[in-house]
Amino acid sequence: MSPTFRRYILTKLAWYLVALLAAVTLNFFLPRLVPGNPVDALMARFLQGGAGASASKTYQAFITQFHLDRPLWGQFLAYLVNIFRGDLGQSFSLFPARVTTLIGQAVPWTIALQLPAILLGWILGNLLGALAAYKRGAFDRNLFVTALALSSIPYYALAIVLLYVLAVAIPVFPSAGGYSFGTFPQLSWSFFLDALHHYLLPFLSLLVIAIGGQAVGMRSMAIYELGSDYVNYATSLGVSDRRVLGYVFRNAMLPQITGLALSLGTLVGGALITEIVFSYPGVGTLLFNAINANDYPLIQGVTLIIIVAVLLANFLVDLAYGAIDPRIRAARSGER
Amino acid sequence: MTDLLVAEDLRAYYRHGLSGWIRAVDGVSLTLREGEILGVAGESGCGKSTLAMVLASIARWPLCVKGGRLEVAGQEVPIRSGAATDTQHRGTVVSLMPQGAMNSLNPTQRVRDFVFDVLRSHDPGTTRTATAERARERLDRLHLPARVLDAYPHQLSGGMKQRVVAVISTLLDPRVLIADEPTSALDVSAQRALLALMAQLLEQGIIGGIVLVTHELPILRNVADRTMIMYAGQVSEVGPTEKVIFEPAHPYTQALMAATLVLESATKRQRIEGLEGAPPDLSQPPTGCRFHPRCRYATEACAEAFPPTLHPGPDHDAACWWLAQHLGAPQPELGARAVEP
Amino acid sequence: MLTRTRFLRTAIRSSRFNTSLVLVLLVLGFAILGPLLTGHDPNAVVGGMNASPAAHPPLGTDNFGRDELTLLMYGTRNSLEIGAIAGLAAVLLGVLVGTVAGFYAGMVEEALMGVTNVLITIPAIVVLILLSVALGSRSAVTMGLIIGVTSWPWTARAVAAQTSSLRTREHIDIARLSGSSGFGIIVRDVIPYILSYLGMAFTLQLATAVLTEAALSLLGLGPTNTISLGILLQWSLLWEAVRQGVWWTFIPPTFFLSVVSFGLLLLNSSLDEIYNPRLQGGGGSCD
Numbered sequence: 130m131s132p133t134f135r136r137y138i139l140t141k142l143a144w145y146l147v148a149l150l151a152a153v154t155l156n157f158f159l160p161r162l163v164p165g166n167p168v169d170a171l172m173a174r175f176l177q178g179g180a181g182a183s184a185s186k187t188y189q190a191f192i193t194q195f196h197l198d199r200p201l202w203g204q205f206l207a208y209l210v211n212i213f214r215g216d217l218g219q220s221f222s223l224f225p226a227r228v229t230t231l232i233g234q235a236v237p238w239t240i241a242l243q244l245p246a247i248l249l250g251w252i253l254g255n256l257l258g259a260l261a262a263y264k265r266g267a268f269d270r271n272l273f274v275t276a277l278a279l280s281s282i283p284y285y286a287l288a289i290v291l292l293y294v295l296a297v298a299i300p301v302f303p304s305a306g307g308y309s310f311g312t313f314p315q316l317s318w319s320f321f322l323d324a325l326h327h328y329l330l331p332f333l334s335l336l337v338i339a340i341g342g343q344a345v346g347m348r349s350m351a352i353y354e355l356g357s358d359y360v361n362y363a364t365s366l367g368v369s370d371r372r373v374l375g376y377v378f379r380n381a382m383l384p385q386i387t388g389l390a391l392s393l394g395t396l397v398g399g400a401l402i403t404e405i406v407f408s409y410p411g412v413g414t415l416l417f418n419a420i421n422a423n424d425y426p427l428i429q430g431v432t433l434i435i436i437v438a439v440l441l442a443n444f445l446v447d448l449a450y451g452a453i454d455p456r457i458r459a460a461r462s463g464e465r
Numbered sequence: 048m049t050d051l052l053v054a055e056d057l058r059a060y061y062r063h064g065l066s067g068w069i070r071a072v073d074g075v076s077l078t079l080r081e082g083e084i085l086g087v088a089g090e091s092g093c094g095k096s097t098l099a100m101v102l103a104s105i106a107r108w109p110l111c112v113k114g115g116r117l118e119v120a121g122q123e124v125p126i127r128s129g130a131a132t133d134t135q136h137r138g139t140v141v142s143l144m145p146q147g148a149m150n151s152l153n154p155t156q157r158v159r160d161f162v163f164d165v166l167r168s169h170d171p172g173t174t175r176t177a178t179a180e181r182a183r184e185r186l187d188r189l190h191l192p193a194r195v196l197d198a199y200p201h202q203l204s205g206g207m208k209q210r211v212v213a214v215i216s217t218l219l220d221p222r223v224l225i226a227d228e229p230t231s232a233l234d235v236s237a238q239r240a241l242l243a244l245m246a247q248l249l250e251q252g253i254i255g256g257i258v259l260v261t262h263e264l265p266i267l268r269n270v271a272d273r274t275m276i277m278y279a280g281q282v283s284e285v286g287p288t289e290k291v292i293f294e295p296a297h298p299y300t301q302a303l304m305a306a307t308l309v310l311e312s313a314t315k316r317q318r319i320e321g322l323e324g325a326p327p328d329l330s331q332p333p334t335g336c337r338f339h340p341r342c343r344y345a346t347e348a349c350a351e352a353f354p355p356t357l358h359p360g361p362d363h364d365a366a367c368w369w370l371a372q373h374l375g376a377p378q379p380e381l382g383a384r385a386v387e388p
Numbered sequence: 004m005l006t007r008t009r010f011l012r013t014a015i016r017s018s019r020f021n022t023s024l025v026l027v028l029l030v031l032g033f034a035i036l037g038p039l040l041t042g043h044d045p046n047a048v049v050g051g052m053n054a055s056p057a058a059h060p061p062l063g064t065d066n067f068g069r070d071e072l073t074l075l076m077y078g079t080r081n082s083l084e085i086g087a088i089a090g091l092a093a094v095l096l097g098v099l100v101g102t103v104a105g106f107y108a109g110m111v112e113e114a115l116m117g118v119t120n121v122l123i124t125i126p127a128i129v130v131l132i133l134l135s136v137a138l139g140s141r142s143a144v145t146m147g148l149i150i151g152v153t154s155w156p157w158t159a160r161a162v163a164a165q166t167s168s169l170r171t172r173e174h175i176d177i178a179r180l181s182g183s184s185g186f187g188i189i190v191r192d193v194i195p196y197i198l199s200y201l202g203m204a205f206t207l208q209l210a211t212a213v214l215t216e217a218a219l220s221l222l223g224l225g226p227t228n229t230i231s232l233g234i235l236l237q238w239s240l241l242w243e244a245v246r247q248g249v250w251w252t253f254i255p256p257t258f259f260l261s262v263v264s265f266g267l268l269l270l271n272s273s274l275d276e277i278y279n280p281r282l283q284g285g286g287g288s289c290d
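Protein chains in written order, with this note's numbering: chain L, 130 to 465; chain W, 48 to 388; chain X, 4 to 290.
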């Protein structure tokens with residue numbers, strides 16, 4: 130590892146630690162800054178209606194968990210220490226379940242939904258975008274407007290329409306959940322088929338939107354590359370169009386790879402509403418329920434996970450770019 | 048001498064907004080003779096680089112070729128936008144040595160792979176070894192080591208890149224070479240080597256003729272047989288280089304020569320007289336003679352109609368109304384006005 | 004830079020520009036005139052529960068028997084209002100931070116851009132969720148402001164880049180030499196040059212903000228005691244309207260959200276093409 134590369138990594142690491150600290154600070158202070166905030170409100174509620182034995186037990190856990198006997202900065206320090214230990218506290222609404230456990234159960238569903246949609250959407254979108262830039266004319270105009278429409282409508286709009294058309298009006302797919310009511314997640318063929326049946330609609334809605342966004346990006350990158358000097362020069366020397374397009378698409382792919390890494394950062398937080406629409410058992414539904422139940426530790430836990438995923442993806446992109454020294458980055462990626 | 052390249056009334060416009068045009072080349076005619084170097088000079092933005100692209104038939108959106116005809120080595124070349132171009136023509140009949148070689152090479156490709164792509168586009172049977180051998184010989188003439196073939200563009204300095212591009216542009220032994228500011232990134236000795244190579248290729252008949260676009264007068268003086276001066280997308284004057292530089296007929300050429308610092312004893316004493324104003328907006332060019340808003344001799348006639356082409360000397364053309372009235376009269380003393388208090 | 008008349012002439016000939024403008028104007032007309040023309044209070048009960056559009060109200064009624072068309076008019080109006088407040092706030096903050104950072108270079112630029120980059124990295128939806136949870140009740144104006152406050156960094160980054168490229172231009176040197184204050188130069192000599200960009204940034208921010216409001220509403224964090232497109236969707240989901248097949252309560256708001264967003268983004272991209280003909284790629288014609 131060269132000294133410049135080590136310095137680069139350390140600078141980036143420090144930068145992301147600052148960003149993480151900023152995010153954690155926001156995560157802690159934002160909800161507590163406003164008077165009459167939900168923590169206060171919950172306190173009041175517990176004090177008023179805290180008659181039952183179980184309620185007072187919850188109340189005690191609540192005081193200990195938030196260290197409400199300490200001043201605000203003391204609470205913040207305790208929060209930082211707990212995060213560092215991987216402890217996100219206990220849920221209010223599903224007491225005494227631990228927040229980490231609840232999130233741990235939801236995340237695999239979200240990733241299973243998002244990861245294939247992002248990857249496949251990236252591949253298909255890039256192919257279509259490249260094709261549009263290459264073919265131009267009517268194909269390009271139609272594809273561009275369609276792709277722009279798909280990338281500009283909210284990602285959950287398609288989810289709502291698909292749910293209504295293919296699960297309610299023409300009930301081909303189930304309308305809610307990740308698996309049929311009454312069954313339990315297990316490693317069996319029938320459960321897998323059932324889960325797949327529930328999976329297809331939300332997956333499709335995410336995939337189509339992802340294709341649209343990637344196609345728009347790839348098309349404009351390719352058109353930008355097509356206008357560059359080296360294309361002009363190669364053309365002036367009679368190099369065949371097919372070969373010149375080969376140069377163009379290879380070069381246009383470089384920024385698209387960064388784009389892929391960044392959209393992997395939205396793995397956890399990018400499909401919240403889709404899951405809510407389909408009542409899919411992922412992070413989005415968990416967050417929705419937490420918000421409705423004023424389950425503060427759970428909300429903060431989910432937001433923290435979303436932030437960490439995004440920061441991690443950004444950090445990995447920077448690392449990858451650094452590993453390939455910027456000056457030889459272009460060259461390396463050209464190696465066959 | 049036969050005419051190697053004949054261009055008549057070329058018009059090439061850039062799309063401006065969705066309905067406007069920037070008339071970068073507007074009615075340019077020129078002739079390149081066998082064995083000749085024709086210099087093309089003018090301020091930046093006068094259309095000389097656009098002209099180079101049209102001559103090399105690589106005009107691409109948003110540049111549109113709207114009219115004119117081009118004939119190279121007796122063959123009509125389809126240049127109008129939308130016309131099918133013969134890719135075999137490019138590089139072998141006419142080849143471009145582009146301006147700003149910095150970005151002319153694909154950043155993700157080794158030089159040798161690009162050279163191979165260029166050669167096999169014209170000769171499918173060629174081999175990597177054969178192309179490398181051919182390139183090595185030319186590189187050597189420009190004092191470049193053979194290892195540049197293994198380099199990626201960013202590993203080469205600006206001057207090296209420019210010379211690599213010069214080698215690739217001449218590798219196919221084109222009949223006509225269109226060189227657009229080929230020496231701008233080079234130091235004096237590299238400049239000399241490149242100009243020597245061009246002259247040598249011309250002498251040996253490997254290249255038939257060269258159109259050399261540049262703004263550097265010393266280079267024109269050294270190598271160009273004839274020089275053409277462009278202003279605002281049109282030809283102001285064309286003639287033997289010595290005449291155009293030292294006895295310019297057109298008021299624009301006179302101002303340009305006066306404004307350009309030429310380090311020659313004969314011209315050293317002349318004061319630099321800046322041209323007033325700026326070149327016109329080519330989306331709405333001036334009527335009549337395009338130079339009239341900046342011309343010190345302009346009359347009403349200049350704003351009304353396009354000036355006639357006159358012949359102030361043998362093989363020497365200039366388009367100017369003032370000249371039409373004063374031809375035969377002594378040329379105005381250059382710089383005379385500038386030394387007045 | 005295009006002159007105004009040329010811009011208009013150019014714009015009129017672009018079908019993409021026309022389509023988007025018509026879409027945006029139609030939605031605006033619906034949102035502004037609708038509430039004036041409908042004779043109803045949006046919360047008034049006008050018919051039975053979930054009456055279909057086949058009955059008297061043109062778009063049917065919702066779960067409480069309220070007129071869906073009137074709800075849609077008020078919802079669109081409020082969504083656009085929230086979007087406009089957010090867009091304005093984001094552009095103003097972005098211009099403030101961006102021009103100061105771009106104009107003053109050095110430490111100031113590094114500090115401001117450092118903060119901007121940290122904020123760009125932290126996903127805005129998270130900050131919005133935390134802020135909304137904290138604010139027990141949220142008016143339309145509050146919603147607009149918090150969305151604006153979380154979305155300015157992208158505008159700031161672009162404005163800073165443009166300002167620092169302007170910084171070296173001659174007319175700014177002249178202004179500086181003639182003793183103008185930094186603030187004066189920014190207002191007189193920088194902002195006019197980036198005005199067309201700011202207009203485009205506003206349409207983009209407006210579109211994003213309308214969608215963000217809807218997303219927050221669907222998470223249960225929308226404006227309180229207000230009807231918006233997002234709130235209409237949230238109601239349909241809460242009352243299981245989708246699974247009951249009551250399409251007239253959720254298809255129209257979904258459609259309007261999509262049209263607002265698509266229209267504004269298309270407007271943005273067609274303006275971009277008018278300023279940069281290169282982007283037309285193969286779409287350009289030499290005739």
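FYI, nobody ran anything at the bench for these hints, they're computed from the structure. Positions of the beta carbon are idealized from the N, C-alpha and C atoms, including for glycine. Don't take each hint at face value.
Ranges between beta-carbon positions, derived for each pair [what the hints assert, rightly or not]:
(1) W:G67 <-> L:T154: 35 to 41 angstroms
(2) X:S183 <-> L:D216: 22 to 28 angstroms
(3) L:L201 <-> X:A114: 25 to 31 angstroms
(4) W:G67 <-> X:I194: 50 to 56 angstroms
(5) L:L448 <-> X:A114: 23 to 29 angstroms
(6) L:L441 <-> X:V111: 27 to 33 angstroms
So the derived list for chain W, only partly shown, Cβ under 10 angstroms to chain L, looks like this [said to hold, decoys possible]:
(7) S66
(8) T78
(9) S104
(10) M149
(11) P154
(12) V165
(13) G172
(14) T173
(15) S204
(16) L244
(17) E323
(18) G324
Every beta carbon over 12 angstroms from chain X, so not counted as near; a handful from chain W, in silico [stated by the list, open to error]:
(19) S96
(20) P171
(21) E184
(22) V270
Hints, verified against the model:
no. : hint                                  : verdict
1   : W:G67 <-> L:T154: 35 to 41 angstroms  : violated, 53 angstroms
2   : X:S183 <-> L:D216: 22 to 28 angstroms : violated, 57 angstroms
3   : L:L201 <-> X:A114: 25 to 31 angstroms : holds, 27 angstroms
4   : W:G67 <-> X:I194: 50 to 56 angstroms  : violated, 26 angstroms
5   : L:L448 <-> X:A114: 23 to 29 angstroms : holds, 25 angstroms
6   : L:L441 <-> X:V111: 27 to 33 angstroms : holds, 31 angstroms
7   : S66                                   : violated, 18 angstroms
8   : T78                                   : violated, 22 angstroms
9   : S104                                  : holds, 8 angstroms
10  : M149                                  : holds, 8 angstroms
11  : P154                                  : holds, 4 angstroms
12  : V165                                  : holds, 5 angstroms
13  : G172                                  : violated, 15 angstroms
14  : T173                                  : violated, 13 angstroms
15  : S204                                  : violated, 13 angstroms
16  : L244                                  : violated, 18 angstroms
17  : E323                                  : violated, 34 angstroms
18  : G324                                  : violated, 31 angstroms
19  : S96                                   : holds, 16 angstroms
20  : P171                                  : holds, 28 angstroms
21  : E184                                  : holds, 39 angstroms
22  : V270                                  : holds, 35 angstroms
In summary, the numbered hints that this structure violates are 1, 2, 4, 7, 8, 13, 14, 15, 16, 17 and 18.
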